[in-house]
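> Work out the full structure, taking the sequences as your base and the hints as a guide.
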Amino acid sequence: MRDRVWIFAGLAVFVAAITCPAWYALAHGKASSKPPNLEMPANQKECVAPAGAMRAEHMQMLIQWREDVVRRGDRRFVAFNGKVYQKSLTGTCLGCHSKAGFCDRCHAYSGVSTPYCWNCHSDPQSVARSIP
Amino acid sequence: MRITRKDFLRLSGLSLLAAGCKQAVQSVTQPASGARVASAQPTRWGMVIDLAKCREKDGCNACVHACNTAHNIPQIANRAHEVKWIWTEPYASVFPSAQNGYAPQSYAEMMVPLLCNHCADPPCTRVCPTQATWKRDDGIVMMDWHRCIGCRYCVAACPYGSRSFNWEDPRPSITSINPDFPTRTKGVVEKCNFCEERLARGLKPACVDACPQHVFTFGNLADPNSEPRQLLRERFAVQREPELGTGPSIFYLV
Numbered sequence: 001m002r003d004r005v006w007i008f009a010g011l012a013v014f015v016a017a018i019t020c021p022a023w024y025a026l027a028h029g030k031a032s033s034k035p036p037n038l039e040m041p042a043n044q045k046e047c048v049a050p051a052g053a054m055r056a057e058h059m060q061m062l063i064q065w066r067e068d069v070v071r072r073g074d075r076r077f078v079a080f081n082g083k084v085y086q087k088s089l090t091g092t093c094l095g096c097h098s099k100a101g102f103c104d105r106c107h108a109y110s111g112v113s114t115p116y117c118w119n120c121h122s123d124p125q126s127v128a129r130s131i132p
Numbered sequence: 001m002r003i004t005r006k007d008f009l010r011l012s013g014l015s016l017l018a019a020g021c022k023q024a025v026q027s028v029t030q031p032a033s034g035a036r037v038a039s040a041q042p043t044r045w046g047m048v049i050d051l052a053k054c055r056e057k058d059g060c061n062a063c064v065h066a067c068n069t070a071h072n073i074p075q076i077a078n079r080a081h082e083v084k085w086i087w088t089e090p091y092a093s094v095f096p097s098a099q100n101g102y103a104p105q106s107y108a109e110m111m112v113p114l115l116c117n118h119c120a121d122p123p124c125t126r127v128c129p130t131q132a133t134w135k136r137d138d139g140i141v142m143m144d145w146h147r148c149i150g151c152r153y154c155v156a157a158c159p160y161g162s163r164s165f166n167w168e169d170p171r172p173s174i175t176s177i178n179p180d181f182p183t184r185t186k187g188v189v190e191k192c193n194f195c196e197e198r199l200a201r202g203l204k205p206a207c208v209d210a211c212p213q214h215v216f217t218f219g220n221l222a223d224p225n226s227e228p229r230q231l232l233r234e235r236f237a238v239q240r241e242p243e244l245g246t247g248p249s250i251f252y253l254v
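Line by line, the protein sequences are chains A and B. Position one of the first sequence corresponds to residue 1 (the numbering used here), numbered consecutively onward. Position one of the second sequence corresponds to residue 1 (the numbering used here), numbered consecutively onward.
Please note that the accuracy of each hint is not assured.
To be verified - Selected chain B positions facing chain A (in silico; Cβ < 8 Å):
(1) Asp-144
(2) His-146
(3) Ile-149
Stated by the list, open to error - Lysine to any residue pairs mimicking SDA-like chemistry, simulated, CA-CA at most 20 Å apart:
(4) B/Lys-135 / B/Arg-44
(5) A/Lys-45 / A/Cys-117
(6) B/Lys-186 / A/His-121
(7) B/Lys-57 / B/Gly-161
(8) B/Lys-135 / A/Asp-68
(9) B/Lys-204 / A/Val-69
(10) B/Lys-53 / B/Ala-237
(11) B/Lys-186 / A/Asp-74
(12) B/Lys-186 / A/Lys-83
(13) B/Lys-135 / B/Val-155
(14) B/Lys-135 / A/Asp-74
(15) B/Lys-204 / B/Phe-181
(16) B/Lys-135 / A/Glu-67
(17) B/Lys-135 / B/Leu-244
(18) B/Lys-204 / A/Val-70
(19) B/Lys-186 / A/Cys-120
(20) B/Lys-135 / B/Pro-159
(21) A/Lys-83 / B/Arg-201
(22) B/Lys-204 / B/Ala-66
(23) B/Lys-135 / A/Val-69
(24) B/Lys-186 / A/Pro-115
(25) B/Lys-135 / A/Val-70
(26) B/Lys-204 / B/Ala-62
(27) B/Lys-204 / A/Asp-74
(28) B/Lys-204 / A/His-121
(29) B/Lys-135 / A/Arg-66
(30) B/Lys-186 / A/Asp-68
(31) B/Lys-186 / A/Trp-118
(32) B/Lys-186 / A/Thr-114
(33) B/Lys-135 / B/Lys-53
(34) B/Lys-204 / A/Arg-75
(35) B/Lys-135 / A/Arg-71
(36) A/Lys-45 / A/Cys-103
(37) B/Lys-53 / B/Pro-90
(38) B/Lys-135 / A/Glu-39
(39) A/Lys-45 / A/Gly-73
(40) B/Lys-135 / B/Gly-161
Because the hints were derived from the structure by calculation, they are not lab data. The structure presented is a predicted model; accordingly, all values stated were derived computationally and were not measured. Glycine is no exception: its CB is placed at the ideal position from the N, C-alpha and C atoms.
Here you go:
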């Protein structure tokens, strides 16, 4: 065990090297262990599916809605609790949620790039603001 | 267990027969799958445009304006890049084969509203390599901008010039964006969708509601008692270039 010093020194360098992006981000205030401060809808308590399911599967649901509405003309969504919603990103999702305070904030926190939905679909809040 | 040749043949014959019977029973008891089910009341949306009424208010662009605001259509000055769903052109260029040289000036120079003909046999949908455009069961020639790859085959195939390509990002050229309808993006083809999104809410197309002269009569061409069918029974109507065999759903009362 005469090489103990070298082994532990090497391990320390290795650990420092692979964790340096996290330290760098922490030092520059780009990352934190705190969850993102999401703006929750004031007027609604429940989403179209339980929060866990929405967190994990909202992308598949949005694609399913898109296919249903555009290709099958099926706009009616019956939620898990029996409530009926319109399958609409701007109408239903953004009717409650704020794009900037909810979608973008969580995407930024998770390091997920902004999806191309917004190349065509507009955020009703920012559009309303942009009209003089 | 040993099986004789005779037993084997008998067994396979019976299995084939059973499989055939199952198919036959299924095809009788179950209608064709999914969206292809023919509804009890077939629908073919169509429109009759009364040019006599339109002539009374020549130069009015209410229909075009209503469509532009409802569908976020960019106003691009460069004619090579322009996007249009409903627009107007002189009578002489809309019906070039109907010119006899002696029509009064008011006729030949009158502006005629044009839009996608929502053909019965549309050439544009046939050439689309991604099925981004297709004919719905209700007769609307629909587009899926998510799927359009911008190859412009449909633009070339449409004999009526109803399709426009987005050569540039349309958003900067839209004066005020209607958030209820998506804008398009650079690189996709677009055209009139017969206000499919309004029909789903039980409304008539935006141009129909906007016209102060009630020039447009919209309805189900498959229903013999519908308003457009009544008009077509009573008056002589023309379609744009019917000899091409596309079967336009837009009729003009001249």
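> Run every hint past the structure and note whether it holds.
Each hint, compared with the structure:
no.	hint	in the structure
1	Asp-144	holds, 5 Å
2	His-146	holds, 6 Å
3	Ile-149	violated, 14 Å
4	B/Lys-135 / B/Arg-44	holds, 11 Å
5	A/Lys-45 / A/Cys-117	violated, 25 Å
6	B/Lys-186 / A/His-121	holds, 13 Å
7	B/Lys-57 / B/Gly-161	violated, 25 Å
8	B/Lys-135 / A/Asp-68	holds, 16 Å
9	B/Lys-204 / A/Val-69	holds, 19 Å
10	B/Lys-53 / B/Ala-237	holds, 14 Å
11	B/Lys-186 / A/Asp-74	violated, 27 Å
12	B/Lys-186 / A/Lys-83	violated, 37 Å
13	B/Lys-135 / B/Val-155	holds, 16 Å
14	B/Lys-135 / A/Asp-74	holds, 16 Å
15	B/Lys-204 / B/Phe-181	holds, 16 Å
16	B/Lys-135 / A/Glu-67	holds, 15 Å
17	B/Lys-135 / B/Leu-244	holds, 18 Å
18	B/Lys-204 / A/Val-70	holds, 19 Å
19	B/Lys-186 / A/Cys-120	holds, 10 Å
20	B/Lys-135 / B/Pro-159	holds, 17 Å
21	A/Lys-83 / B/Arg-201	holds, 19 Å
22	B/Lys-204 / B/Ala-66	holds, 12 Å
23	B/Lys-135 / A/Val-69	holds, 15 Å
24	B/Lys-186 / A/Pro-115	holds, 16 Å
25	B/Lys-135 / A/Val-70	holds, 12 Å
26	B/Lys-204 / B/Ala-62	holds, 15 Å
27	B/Lys-204 / A/Asp-74	holds, 18 Å
28	B/Lys-204 / A/His-121	violated, 23 Å
29	B/Lys-135 / A/Arg-66	holds, 18 Å
30	B/Lys-186 / A/Asp-68	violated, 24 Å
31	B/Lys-186 / A/Trp-118	holds, 13 Å
32	B/Lys-186 / A/Thr-114	holds, 18 Å
33	B/Lys-135 / B/Lys-53	violated, 31 Å
34	B/Lys-204 / A/Arg-75	holds, 18 Å
35	B/Lys-135 / A/Arg-71	holds, 10 Å
36	A/Lys-45 / A/Cys-103	holds, 17 Å
37	B/Lys-53 / B/Pro-90	holds, 16 Å
38	B/Lys-135 / A/Glu-39	violated, 42 Å
39	A/Lys-45 / A/Gly-73	violated, 29 Å
40	B/Lys-135 / B/Gly-161	holds, 18 Å
Hint compliance for this structure: hints 3, 5, 7, 11, 12, 28, 30, 33, 38, 39 are not met, and every other hint is.
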